[in-house]
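Starting from the known structure of chain P, fit chains V and Z onto it as the hints suggest.
Residue numbers (the numbering used here), protein chains in the order written: chain P, 1 to 331; chain V, 1 to 117; chain Z, 1 to 151.
Careful: at least some of the hints might be erroneous.
Here are the simulated distance ranges between beta carbons [unchecked claim]:
#	chain 1	residue 1	chain 2	residue 2	range
1	P	R8	V	K25	44 to 52 Å
2	V	L8	Z	A23	16 to 24 Å
3	P	P154	V	R53	14 to 22 Å
In short, the hints are calculated from the structure, not lab data. For every residue, glycine included, the Cβ atom is placed at its ideal position computed from N, Cα and C.
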Amino acid sequence: MQTIEFKRRPKIIGSYSIVGPKEGQGPFGSFFDYVMKNDLFGEKTYELAERKMFEQAVMGALQSAGLQPNDVDLMLAGDLLNQIISSSFTARAFNMPYLGLFGACSTMAESLATGATLVDSGHFGNVICLTGSHFSTAERQFRFPLELGNQRVPTSQWTATAAGATILSLEGKGPQVVMATFGRVIDYGVVDVNNMGAAMAPSAADTLLTHFKDTGRKPSYYDLIVTGDLGKLGAEILLDLLEDKGIKLGLNYSDCGHCYYTRGQDTMCGGSGCGVSASVLNSYIIKKMKKGEYKKVLFVPTGALMSTTASQQGESIPGVSHAIVLEMGGV
Amino acid sequence: MQYLWVFLIGGLICMLGEVLIITTKITSARILVAFVLVGVLLQALNLFEPISRFAGAGINVPIIGFGASLAKGAMGAVKASGLLGAFTGGLQATAGGIAAAITFAFLFSLICKSKTK
Amino acid sequence: MKNQNVNQKYNEYVEARLPKTKAWPSLFNSFWVGGVICLLGQGINDLLLYLFPYMAMQSAWAWTLIILIFLASLLTALGVYDKIGKFAGGGSIVPITGFSNSISSPAIEFKHEGVIYGTCVKMFTIAGPVIVVGVVASVAVGIIYYIIGLF
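Next comes chain P alone, as it looks inside the complex:
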């Protein structure tokens, strides 16, 4: 059984999202808590800007929950940079107990699933889940220098400059984390680093199939089923893969990455990066749940577990994704 149910139903009592200027012009623009004026965010390097984004996300989430930094019992965080420095350095700044996670772009789900388990166990009171990504830091680590005059291929996705933080607790009000399906690492042998959607779609399909099998539910049970950053192509592939297994996702299905930018923003297949699902969850989804527009949400961020070294050595790209069931309580 890969799916567990949280009997005491940890609640999301605080959330915050922060994005870059390009992301602020996207469809979700008005939902984000803060839109940066420029990608450097007043810092000297993009790495420092990413860290400052993380710190502001933590501060904002604390504020929305009415907590102080020392009220937090544990920080669960991850990012895309080598040795997850943005997360660790943020934990250093806040002097919080900290577990670093790496799930690539699935980190938001990984941290929520772990956090909910720990809160549900009763050992931890308030747990903060945090992740994000920055276009310029990711681009220089994984791809090419910003100034290089090359063209983006049509299957590529745009790494989002965005971060999101969520605070889980048994006390307080907010959407409840009801279940989590921990995903397996799935690799169908895609080697093209410019086609992450195709690399991750099988893992999303596997996790969703497992979730529906474990719970006996149908896709129509949920008001919203949302994957992380499969992008346009990846989302289409996911629908095909599930249809092959006899499961049809309806209009309640969407992908954060696919809808993250508008067409004119020239991002090819859409957004990618930890920040996409983290910022959409902590703005659009949670706000809509609080308003009662969504009651049952299945949140399935996907991650591509590759490194530049592995890719250069010709390894294929494995994917992982975890499913989180969010429900608005008392309805």
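Relative to chain P, chains V and Z alone:
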């Protein structure tokens, strides 16, 4: 008239690079390497000079010209000073371009910051 | 463990689903931008020969390339060259200006890692292979030329 040839040949060579990008999805480093090799080969087969005579900058400005200068330098130096020339000639002939690219890159890196897209 | 069958079938399926882009606009752009860069080179070259009639052909070409390299480096530093590149693709990669851009862009990008390990080391991430392959090939050509000359 020569300008027309420069434009047509130069454009065609660049378009060939674009064809490679579209059909094989190779990165710019590989494209540059491929075209340098083409230049070395053209010069080695003594085909570069005849094209250069009417195409001018059309073939000298693309990185093919860089490859051709490398090979031309090596061959010329072999003629003048024997086997040693094979090692000294290529870089000697292209030293200007390489040194300029390195120096300007270094200077601008001191002055400028990278900008996000 | 791995099911090779699924892998292959899936990859063939993905290949078939790849978005089709129209190649003609980007081919056309690479053609005319590349052509214009070459025209610019010819113009500089002719101007040099006009201003300095006694300049050797060889030196004129060297100066032309150095000027083009300078311009590309400057445009890279100003953040303009990547925009040209996005539009023209091969049109601005294949000319010597693309080579200059490939050296300047990492040099500027990685300055925060320090002059030695940032700028100087990363400068050759893209141009390094070009120089290595070019030099090795030219040495090989030189040696072969020498051997042929012996007979």
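Each hint, compared with the structure:
no.: 1; hint: P:R8 x V:K25: 44 to 52 Å; in the structure: 50 Å, holds
no.: 2; hint: V:L8 x Z:A23: 16 to 24 Å; in the structure: 20 Å, holds
no.: 3; hint: P:P154 x V:R53: 14 to 22 Å; in the structure: 40 Å, violated
Taken one by one, the earlier hints fail for this structure only at number 3.
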